[in-house]
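Student: What follows is the residue order along each chain.
There are 2 protein chains.
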Amino acid sequence: MQDIKEYIELHKERFLSELFDLLRIPSISSQEANKKDMVACAEQWKKMLLDAGADAAQVFPTEGHPIVFGKKIIHASLPTVLVYGHYDVMPVDPIEEWKSDPFEPIVKDDKIWARGADDDKGQSFMQAKAFEFMVNTNQLPCNVKFLLEGEEEIGSHNLYQFCEKNKEMLAADIILVSDTSMLAADMPSITVGLRGLAYWQIKVSGADRDLHSGLYGGSVPNPINILCQMLARATDAYHRVTIPHFYDDVETVSLAERTLMAEAPFDVEEYKKELNIRDICGEFGYSTKERTGIRPCFDICGIWGGYTGEGTKTVIPSEAYAKISTRLVPHQNFQKIGETVKSYFEFIAPKYVKVEVEFLHGGAPYVSPIDTPAYKAAEKALEIVYSKRPLPVRSGGSIPVISGFEQILGTKSILLGFGLLSDAIHSPNENYPLSQFYKGIEAIALFYDYFAQYFKENNP
Amino acid sequence: MQDIKEYIELHKERFLSELFDLLRIPSISSQEANKKDMVACAEQWKKMLLDAGADAAQVFPTEGHPIVFGKKIIHASLPTVLVYGHYDVMPVDPIEEWKSDPFEPIVKDDKIWARGADDDKGQSFMQAKAFEFMVNTNQLPCNVKFLLEGEEEIGSHNLYQFCEKNKEMLAADIILVSDTSMLAADMPSITVGLRGLAYWQIKVSGADRDLHSGLYGGSVPNPINILCQMLARATDAYHRVTIPHFYDDVETVSLAERTLMAEAPFDVEEYKKELNIRDICGEFGYSTKERTGIRPCFDICGIWGGYTGEGTKTVIPSEAYAKISTRLVPHQNFQKIGETVKSYFEFIAPKYVKVEVEFLHGGAPYVSPIDTPAYKAAEKALEIVYSKRPLPVRSGGSIPVISGFEQILGTKSILLGFGLLSDAIHSPNENYPLSQFYKGIEAIALFYDYFAQYFKENNP
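So the protein sequences, as listed, match chains A and B.
Per numbering that gives the first Met the number 0, the very first residue in the first sequence carries number 0; after that it's consecutive.
Per numbering that gives the first Met the number 0, the very first residue in the second sequence carries number 0; after that it's consecutive.
Note that these hints are calculated values from the structure, not bench results.
Only a predicted model underlies this, so the values are computations on that prediction, with no experimental measurement involved.
Please note that the accuracy of each hint is not assured.
Derived BS3-like pairs (lysine-lysine); straight-line CA-CA distance at most 25 Å [claimed, not checked]:
| # | chain 1 | residue 1 | chain 2 | residue 2 |
| --- | --- | --- | --- | --- |
| 1 | A | Lys271 | B | Lys350 |
| 2 | B | Lys353 | A | Lys271 |
| 3 | A | Lys272 | B | Lys350 |
Selected chain A positions facing chain B (in silico; Cβ < 10 Å) [claimed, not checked]:
| # | residue |
| --- | --- |
| 4 | Pro93 |
| 5 | Glu96 |
| 6 | Asp100 |
| 7 | Gly154 |
| 8 | Ala206 |
| 9 | Arg208 |
| 10 | His238 |
| 11 | Gly284 |
| 12 | Glu289 |
| 13 | Ser342 |
| 14 | Tyr343 |
| 15 | Ser367 |
| 16 | Pro368 |
| 17 | Ile369 |
| 18 | Ala423 |
| 19 | Pro427 |
For each residue, glycine too, the CB sits at the ideal point set by N, CA and C.
All chains, full assembly: derive it from the sequences and hints.
Tutor: Dropping the structure here:
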């Protein structure tokens, strides 16, 4: 293979400049105000794919944000890789905690700083550049398709429908995704498990207006008091979820697999230091890796109600709200859990308030086999670039669409991600190390090579 | 006594015209933009006091809004009444819900409609007019002082200092206040109890940044989960406060007094309908009147943390906050309670998070005896005007300055208020019935007469 390292060295500055153009677009999918930016970002991807060597690329409007599809077909007899990524990003609040403008990328301390630098503009851009190298050097050993969506951070609602309607167009032998992390910069790993997700909003309503806490305090329902009481009843002192039937379908992971998991290096002191937490905390009887890898959890992601300004206001608010999420593991069904949790809160709601629970979205957990050509190709590519054999790991995060792909298209995914824990994705000061950026492009290019080779060996 | 009814009949139109001039001034104390209006309002009060017959009146600037003081000294041997009121009003938002301009008073359906019509321009104006009658008809049987502040709605901060510095000027035998309500237009009552108050802010901190709820969910402390758990532990299923020693100093009200309280009419269905709540809720074993009158309570006035925008964000926030308040009753000490609650939350704080509890402010509860010349005079005056003996009631609200007067000046207050629940104070469409306006002036005039008489009997 013609040297990818040389190619990167030669095009370094252009790569960064192109990525920065992408990062400058505030493509926050959850905010109505950014609807135009979503379209602009999709159009930029189309252009980028064509520039990189795609035969064709197209922006498909949806009821939400557009989907971009592009392809390069070398020959029908060759295997096909479908690259999936997303161009939408998370909101940036609290904006005051950012040390630089989230949409004005900079390079500092050998890292790129911007919203989306890792998740997932940075990582999916690497896919585009590895593809560009393979095309430009006439080395692409397989067909490649690109699928980019703008709703990954808000549930991928329109992508499912798009897949249903375009099964043939999206047909592939493997889906290649760079949207996950490695254990560490010197500890390559491949994500073989993802947790699922379910997300709700709860609203508790009392009186039809805010009331004076002196005149009414003690005699009328206080929606915040009640919301806190209700939420507190979802977990116990052992950090177990107490919602009935929540654990019913949870896979019991074998002692053998748990022993293997325990081999992945983990330093609790370093973990605490990195996050600046006083101590870890989680479900009794499980290690930190297990708590995020093979166990579900319950988190309140947001809460609000009443007076939140400076000083004091003696008020009993009319309403209080919370956003809650659970992470799910095999074989929990997100729709079933969605209903279980909704019913639970509706059931424990005191009769003197109105409680509305809305199931906002969910996604299924995913587990990938490690004996496939794709896994072996990814393993080999990482071993060459990082000089260390990667470990298969289960991640605590969710990419709901991965299990969706399997269900709708019947295609497995390989999660070849290059993020690091320190990238602060979804947080202020998201960043991405340049070393991971360049090594990743290299590894992806190698992946194509090995994948075509192993695939052929497997399908003679 | 020369007839007050006749005097009112004769001067009705002038009274309304003068009150309307006062109501037209948008003296919203909390808004910087109305600073000039506050000064104008204070000056108008000074003029009104002089016109009504005060020997002297003066506007005192403070670091906030001005204080007005006026007096009429008949003779050093006579008792002195200090009339307290406030000329500031609450903001008018939501302005779109007003049926008429809040600062262009009108009379409609035998009510005055304007911001401040009751609270407290209307009620304190009645004081000025009763005083005018007593002076003009040479019947004033005591010395009278007037104290009007412009910061009642924002905490009376500068009034306390003013009282400390002017103890002699403000010396009086009783403080007369018209800033409360009666049970109903046909059910006169005198407020003899006010609850105290203590107010805190709690902050729970986990990691030093927001974390991805997938990657970390289940393995690190979630500040919102923990805040809810902690707050839920402050009350039980019987709506009792579970914080140790919280009830230690609570006065046990005698069965006799509770029986008397139960005589005050109360319609729970009307109460629910008026507030549009599904049901009442409060401390087990107590009636609604008792819950707000003689029992303390715990209310979360505000809560916030994490993602509170549209849609979903899967985040474990770095911090979560709550503002909490308790209403206190005799003989709870707000400083002691301030410390008790702070210590409790610090004690139950899990070791894996940082919990900071800040005691923001407090005020003492107040109870007025009912065997004093002032109470008996108020009782008699109301009985004559309303043809019904007034009931002593305890209000759930706090007027911190009332216990402040007792502490600083050593003077008790008599709360001779003529507001009705339907007056919508602090809300859109504040109003004040003309019948209460005229009857109130009459009752205040009678109060002076009986107070001087009973005081003399008591101090022969």
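Student: Each hint should be assessed against the structure and marked as holding or not.
Tutor: Structure-based check of each hint:
no.: 1; hint: Lys271/A to Lys350/B; result: holds, 13 Å
no.: 2; hint: Lys353/B to Lys271/A; result: holds, 14 Å
no.: 3; hint: Lys272/A to Lys350/B; result: holds, 15 Å
no.: 4; hint: Pro93; result: holds, 8 Å
no.: 5; hint: Glu96; result: holds, 7 Å
no.: 6; hint: Asp100; result: violated, 18 Å
no.: 7; hint: Gly154; result: holds, 7 Å
no.: 8; hint: Ala206; result: holds, 4 Å
no.: 9; hint: Arg208; result: holds, 7 Å
no.: 10; hint: His238; result: holds, 8 Å
no.: 11; hint: Gly284; result: violated, 12 Å
no.: 12; hint: Glu289; result: holds, 9 Å
no.: 13; hint: Ser342; result: violated, 20 Å
no.: 14; hint: Tyr343; result: violated, 15 Å
no.: 15; hint: Ser367; result: violated, 16 Å
no.: 16; hint: Pro368; result: violated, 22 Å
no.: 17; hint: Ile369; result: violated, 21 Å
no.: 18; hint: Ala423; result: holds, 6 Å
no.: 19; hint: Pro427; result: holds, 6 Å
Hint compliance for this structure: hints 6, 11, 13, 14, 15, 16 and 17 are broken, all remaining hints hold.
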